[in-house]
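J.: With the hints as your guide, set chain B onto chain A.
Heads up: the protein sequence lines correspond to chains A and B, in order.
Numbering of the first sequence is given in my numbering, commencing with residue 1 and proceeding in unit increments.
Numbering of the second sequence is given in my numbering, commencing with residue 1 and proceeding in unit increments.
Everything labelled a hint here was simulated from the structure, so no lab data went into it.
It is possible that part of the hints are untrue.
[Unchecked claim] In silico lysine-lysine, DSSO-like type, Cα no more than 27 angstroms apart, as pairs: (1) A/179 / B/8; (2) A/218 / A/207; (3) B/8 / A/217; (4) A/179 / B/21; (5) B/8 / A/209; (6) B/8 / A/207; (7) A/95 / A/179; (8) B/21 / A/63; (9) B/8 / A/155; (10) A/216 / A/155; (11) B/34 / A/123; (12) A/125 / A/155; (13) A/63 / B/34; (14) A/218 / B/8.
[Said to hold, decoys possible] The following label-pair restraints were derived from C-beta to C-beta distances: (15) B/31 / A/128: 23 to 29 angstroms; (16) A/198 / B/11: 19 to 25 angstroms; (17) B/56 / A/123: 33 to 39 angstroms; (18) A/182 / B/28: 30 to 36 angstroms; (19) B/31 / A/127: 26 to 32 angstroms; (20) A/98 / B/6: 40 to 46 angstroms; (21) B/32 / A/123: 20 to 26 angstroms; (22) B/31 / A/98: 14 to 20 angstroms.
[To be verified] Okay, the calculated bits of chain A under chain B, using three or more residues with CB under 8 angstroms as the criterion: (23) 55 to 63; (24) 68 to 78; (25) 87 to 97; (26) 201 to 210.
The beta carbon of each residue, even a glycine, is placed where N, CA and C say it ideally should be.
Chain by chain, the residues run as shown.
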Amino acid sequence: MDDGRSVLLSMQYTATNVLSFPVKAEGSKKGNLSVLLGESEEAEWLNALANGEIHTMDFLVEKWQDSLYRFFYRSLGNHADAQDLTQKTFIRTFKAASRYRPTAKFSSWLFTIARNLLIDEIKRKQKSQTLEFQEEKNCMNLESSVEKSSIDEWKEILQLVLSEMPENQRSALLLRVQKEWSYLEIANLMGVNESVIKTWIHRARQKLKTKLEVLKKKGEI
Amino acid sequence: MRDPLDEKLDEFLRADDIQVKGSLSASVINEVSKQSKVNGRSKYYFWPTTLAAAACLLFLLFNEQPSQQPSPPKSVVLSSTLNLDHEEQVLLEDIMFFSHDFGEPIFLLDDQTLDLFAMLQSTPE
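Chain A with its partners taken away, still in its complex shape (with noise of 0.2 angstroms):
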């Protein structure tokens, strides 16, 4: 019994061992943070990834995809632009996963990447589409949403008011929603005050509310 659990506790000295964060150099300070803030392991598969154990690669994925998922297909509408996005910023993580510290939340960290990703994106969509080509896609959009009788026709309609809406509100509102982040933490990401995010958020809230009394009015939802 002693010797099973010995051997057991021993494979997990190795394990964390191997995936060992290195925050001697730095001080205990900002490697315990990372443990308080809960995403301890995420740093953990980032140091091993900068060591060459791709395959810790797998864990991030696996735990993140889905979130930045559904952060990138609200913000654009898109299945292909979200998928797009999200490997993207995995990419981006791999090569950046050397310099990660864990001096804030690893979703702060990774939520920067993808919102940076993001504005990128929305730039060069802007860049690369015309105005008349854009309000033609729009009214059709519209049309189309209108038109078809989906269960999810609702949700159609919402995404092309979020799809249009400044991207900072987009984003805080998104932030706070799906990550149930503080408005402090979405105030630190953005680089903006608290009360700024809360003026956002609210902003888009209403946004989309009045959109959504409108359709409940019409008996759609």
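T.: Just chain B now, with coordinates in the frame of chain A:
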């Protein structure tokens, strides 16, 4: 109690029903990452090479142009004995004026004209 519309809105925003189509794997990410590294490197070398090539071409172009023009005569034979009529004199004066006005030596004159030109220049006013 929370507004049902807020509940509905959160349900939409959370998008729990949205699933990733297909799954990413570490090997795929590693492979794509390597490819993007290679592409990045080729971009990095592409521009300096292009700029260097363009600079060489410009250098060659500006150095080649003067040599394509006929070289100026190294000597002008003075033919002071030549008699000029009025028309010839006017022509030569025009040539002189043109030459002087643009500050450039005239290279495309035939030998006879050059003789006339030289003679006129040497004629005391």
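J.: A separate judgement is required for each hint: does it hold in the structure or not?
T.: Hint by hint, here is what the structure shows:
1. Of the pairs offered as hints, the one joining residue 179 of chain A and residue 8 of chain B holds, with about 17 angstroms between alpha carbons and a cut-off of 27 angstroms not exceeded.
2. A threshold of 27 angstroms between alpha carbons decides the hint, and for residue 218 of chain A with residue 207 of chain A the separation of about 17 angstroms falls inside it, so the pair holds.
3. Taking the CA atoms of residue 8 of chain B and residue 217 of chain A, the gap is near 14 angstroms; set against the 27 angstroms cutoff, the hint holds.
4. Note on residue 179 of chain A and residue 21 of chain B: the hinted pairing holds, with a Cα-Cα distance of about 21 angstroms set against a maximum of 27 angstroms.
5. Pair hint residue 8 of chain B plus residue 209 of chain A holds up; C-alpha atoms about 9 angstroms apart against a cutoff of 27 angstroms.
6. A distance of roughly 14 angstroms separates the Cα atoms of residue 8 of chain B and residue 207 of chain A; the hinted pair therefore holds under the 27 angstroms criterion.
7. A distance of roughly 24 angstroms separates the Cα atoms of residue 95 of chain A and residue 179 of chain A; the hinted pair therefore holds under the 27 angstroms criterion.
8. Distance restraint check for residue 21 of chain B and residue 63 of chain A: the Cα-Cα separation of roughly 15 angstroms lies within the 27 angstroms cut-off, and the hinted pair is therefore satisfied.
9. A distance of roughly 10 angstroms separates the Cα atoms of residue 8 of chain B and residue 155 of chain A; the hinted pair therefore holds under the 27 angstroms criterion.
10. A threshold of 27 angstroms between alpha carbons decides the hint, and for residue 216 of chain A with residue 155 of chain A the separation of about 12 angstroms falls inside it, so the pair holds.
11. The straight-line distance between the Cα atoms of residue 34 of chain B and residue 123 of chain A is roughly 25 angstroms, inside the 27 angstroms bound, and the hint therefore holds.
12. For the proposed pair residue 125 of chain A and residue 155 of chain A, the alpha carbon gap of about 23 angstroms is at most 27 angstroms, so the pair holds.
13. Restraint check: the Cα-Cα separation between residue 63 of chain A and residue 34 of chain B comes to about 23 angstroms, which is no more than 27 angstroms; the hinted pair holds.
14. For the proposed pair residue 218 of chain A and residue 8 of chain B, the alpha carbon gap of about 16 angstroms is at most 27 angstroms, so the pair holds.
15. Here the CB-CB span from residue 31 of chain B to residue 128 of chain A is close to 27 angstroms, well matched to the stated 23 to 29 angstroms.
16. At roughly 22 angstroms, the beta-carbon separation of residue 198 of chain A and residue 11 of chain B lies within the given 19 to 25 angstroms, and the hint holds.
17. About 36 angstroms separates the C-beta atoms of residue 56 of chain B and residue 123 of chain A, a value consistent with the hinted range of 33 to 39 angstroms.
18. The supplied range of 30 to 36 angstroms is met by residue 182 of chain A and residue 28 of chain B, whose beta-carbon atoms lie about 34 angstroms from each other.
19. Taking the beta carbon of each, residue 31 of chain B and residue 127 of chain A are about 29 angstroms apart, inside 26 to 32 angstroms as hinted.
20. Hint check: residue 98 of chain A to residue 6 of chain B, Cβ distance near 43 angstroms, so the stated range 40 to 46 angstroms holds.
21. Remark: the range hint 20 to 26 angstroms for residue 32 of chain B to residue 123 of chain A is upheld by a beta-carbon distance near 22 angstroms.
22. Between residue 31 of chain B and residue 98 of chain A the C-beta distance comes to about 19 angstroms, which sits within the given range of 14 to 20 angstroms.
23. With 5 residues bearing a CB less than 8 angstroms from a CB of chain B, the segment 55 to 63 of chain A meets the requirement of three and the coverage assertion stands.
24. Counting residues of the segment 68 to 78 of chain A whose CB lies closer than 8 angstroms to any CB of chain B gives 4, which reaches the minimum of 3, so the coverage claim holds.
25. Counting residues of the segment 87 to 97 of chain A whose beta-carbon sits less than 8 angstroms from any beta-carbon of chain B gives 5, enough to reach three: the coverage restraint holds.
26. Counting residues of the segment 201 to 210 of chain A whose beta carbon lies closer than 8 angstroms to any beta carbon of chain B gives 3, which reaches the threshold of three, so the coverage claim holds.
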